[in-house]
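Trainee: Sequence:
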Amino acid sequence: MSLFTHRAYWRWSAGVQFARLPSTMAPLAFTLRTTAMTGSYRLGGVLMSVLVAAEMVCAVPVGRLLDRVGPARGLPVLLLLTAAGFAVLASASDAPAPVLAALVLLPGITGGALSGGFRTLLADTVDDALLPRAISVDAMILDGVLVGGPALVTLLDLAGPLVPLAAMAAACVASAALVPRRASSHESVDSTEAGPSVRPVAYLPWLGCAFTIGLLTSTIEVAPLPLVQRLGAAETAAPVVIAVLTGASIAGSAGYVWRGKIGDPRLFLGGFVAGGIGLAADLGWAGLLASAAVIGACGGPLVAATSVNLQRLLPKNRRSSGFSLSFTVQAAGFGLGSLAVGVLPLWLAPLFGVFAAAVTGVMLVRKPARAIGTLSVTS
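The sequence shown begins at 1 in UniProt numbering and counts up one residue at a time.
Treat the hints loosely; a few may be bogus.
With beta-carbon atoms standing in for the labels, derived distance ranges [claimed, not checked]:
{"hint": "1", "residue 1": "G144", "residue 2": "L283", "range": "29 to 35 Å"}
{"hint": "2", "residue 1": "A281", "residue 2": "P61", "range": "41 to 47 Å"}
{"hint": "3", "residue 1": "G70", "residue 2": "F4", "range": "24 to 30 Å"}
{"hint": "4", "residue 1": "A170", "residue 2": "V365", "range": "46 to 52 Å"}
{"hint": "5", "residue 1": "P345", "residue 2": "R181", "range": "50 to 56 Å"}
{"hint": "6", "residue 1": "L348", "residue 2": "L155", "range": "37 to 43 Å"}
{"hint": "7", "residue 1": "G160", "residue 2": "V201", "range": "51 to 57 Å"}
{"hint": "8", "residue 1": "A101", "residue 2": "R7", "range": "40 to 46 Å"}
{"hint": "9", "residue 1": "K316", "residue 2": "F355", "range": "30 to 36 Å"}
{"hint": "10", "residue 1": "F355", "residue 2": "P96", "range": "40 to 46 Å"}
{"hint": "11", "residue 1": "A102", "residue 2": "A281", "range": "44 to 50 Å"}
{"hint": "12", "residue 1": "T236", "residue 2": "V69", "range": "48 to 54 Å"}
{"hint": "13", "residue 1": "A92", "residue 2": "G70", "range": "29 to 35 Å"}
{"hint": "14", "residue 1": "L158", "residue 2": "G247", "range": "25 to 31 Å"}
Hints were generated in silico from the structure; no laboratory data involved. From the three backbone atoms N, C-alpha and C, an ideal C-beta is built for every residue, glycine too.
Given these sequences and hints, build the entire structure.
Mentor: Put into structure tokens, the structure is as follows:
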């Protein structure tokens, strides 16, 4: 079956995009609401920090709970609880700052494991032959959601600062309605039904890939303004860098969809090393745009390779918590990359991503046959 006529996949995709939408809307929605309340954006930043911290701390424990009850049963409950949390936050938006910080914990606690739960369901939605393409198509759609979330907040804010928060709750409800209720009968990528069949150290290279993706991409996504100012350009040039990064990411994922094969992640990590060195070296406009393009083009395929290989290692009864850990590690990398941009010289910040990519590549080189999937997936 072709992926583009696979109804179950597109239902899954719609559900996961609705689940992701609140996270892409939250930064701007919180900022606009708190600015309307207090005249300052700072409280919005605090609320976003609390939300992200709650998601990261609770992602693995809640993912383990999903493993116990099954993601098809547990995800709708978590999504409805997350929707209720955003609804409560919207209704109490005039409350004092400490109360708002406490209330934002509600969607944070239940929302951290959603991505891991949906990724687990994907393994039961498409067969092995379609899995790399399914992940790559999802990565392309995610790029659109990342751009569309803030744009949607801007439009909804015209109707009032509470409307974006209400829309975030509605998106969670819509996602709950789209969660696949039954698993398909196909055999999924090799893993054991219970208990890990490999040593925990086998997961480290793939968690390293996830960390590197977050660490190096954040260097560009958080710092487009200083990167162009370093070249003497105006602030209006900053979106060009993001456009190149996003466009290259979509193109890289599209190439992966067309190729239909699990690639060698060491190649993509090598691209990250080259792109990061180019960013650090300050090679002018050509160097900046080429570095952004290389990092973007390698990012989507590396996400797919990491996800497929993690699935091959994770026991079926630990997938939700395992994928939740992977997404948490990637988010931690993004946060540390953002911090590096804020506190270090601009030339030094990308080198942390270069170092992470190099170390991860070395871990994969040591036992490539056992670490790297080579499944051909034509359809």
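Trainee: Hints numbered earlier in the text: which of these fail when held up against the supplied structure?
Mentor: none
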